[in-house]
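I would like the entire structure built from these sequences, with the hints used as guidance.
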Amino acid sequence: MQGTKALLDHRLRTASAWSSWPAKVREALRHDARMQTALDLLRERELITLLAALAASGVETLLLKGAALAYSHYPLPASRSRCDTDVLIRPADCAAARRVLARSGYERRNEVSGTLVSFEECHVKRNRGVDHVIDLHWQINNAQVFANALGYDEAYARSVPIQELGAPARALCPAHALLLACMHRAAHLGADGEEGNRLVWLYDIHLIANAMTVDEWPDFAQMCTAKGMRRITLDAFDSTRRAFATAFPGAVIEALSQLGAAELSATYLDADRKELLLTDLRALPTWHARATLVRESLFPPVSYVLAKYQSERRWLLPWWYARRAPKACGRRSRISPRRKRSY
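Note that the sequence shown covers residues 0 to 342 in numbering that gives the first Met the number 0.
Calculated directly from the structure, the hints in this document are not laboratory data. It cannot be assumed that every hint is accurate.
[To be verified] Result set (DSBU-like, lysine-lysine): computed pairs, CA atoms no more than 30 Å apart in a straight line: (1) LYS307 / LYS124; (2) LYS307 / LYS226; (3) LYS4 / LYS23.
Quick caveat, the model's predicted, so the values are computed rather than measured.
Here it is in structure tokens:
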């Protein structure tokens, strides 16, 4: 149900029509909600410990997307299903954060890496049959179009605390959280097509919008215009309205609908997946950076390729590079290669 089972169980159990639903459906939702609650308790404890360890090593963090919204906007943290925790840090803190994660028992997954091809890495810790997954970000998004739309220092300056997760835990302010939700959806639309229009992501937007104050909306509209995110935001609002009858302020819709310069980010709403690499190349400021992105997309580290194909036969490297090149160019909009859906 596109990440909404636990939420449906929470919302519908008090509805008068709940008893008339098929017993198998009710039990399936109930079972999923119980499992999510149990997992959430274990993952919450681990996250509190990890955030404290990072803070003790001088690494300030911001929780992103589902991990933050679960505490700030959902009725219960467990009602926001998620498979990982997205954590944003300063680029300069990457090495320190990796050391803390390693000491805490996390192992880094085999993924494409480089200076431009990816701005995140996944670390996993398995404890008593439960996977604790940390997506460590040093830019807000992997797509070049969105990567610099919201920097760490800008986001941290307006961040808000998450008291349930301890003193180090902070999240994006409402306006930044809403912008990220719209960008995250657009990035997935570009990479995944209509599969990127998940209900849980639209419901995130619905909840954030409903909680926004009158004073926060003008700032949000101005920010979308300044950062070239008007069209992706309007598209996200339209899908959210059709799904949940969300009422967005008319003045904001009007402000975002004003004619202006063409926005590169809008390509993610319409373009064929293979065109998105070209879009990201256009978003980079220099030819050197563009050449770097192409090189990192086509020729990832040898260690990654050998691990991906589970082989030590280096003489096959030319074949493996040639084999993955078309897919790398077609899938580079988000993570190369696309590995999982981020919640």
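So, going through the hints one by one against the coordinates:
This hinted pair checks out: LYS307 and LYS124 have alpha carbons roughly 20 Å apart, not beyond 30 Å. Between LYS307 and LYS226, the direct Cα distance comes to roughly 37 Å. Violation of the 30 Å bound is thereby established for this hinted pair. The suggested pairing of LYS4 with LYS23 holds, with an alpha-carbon distance near 14 Å, which does not exceed 30 Å.
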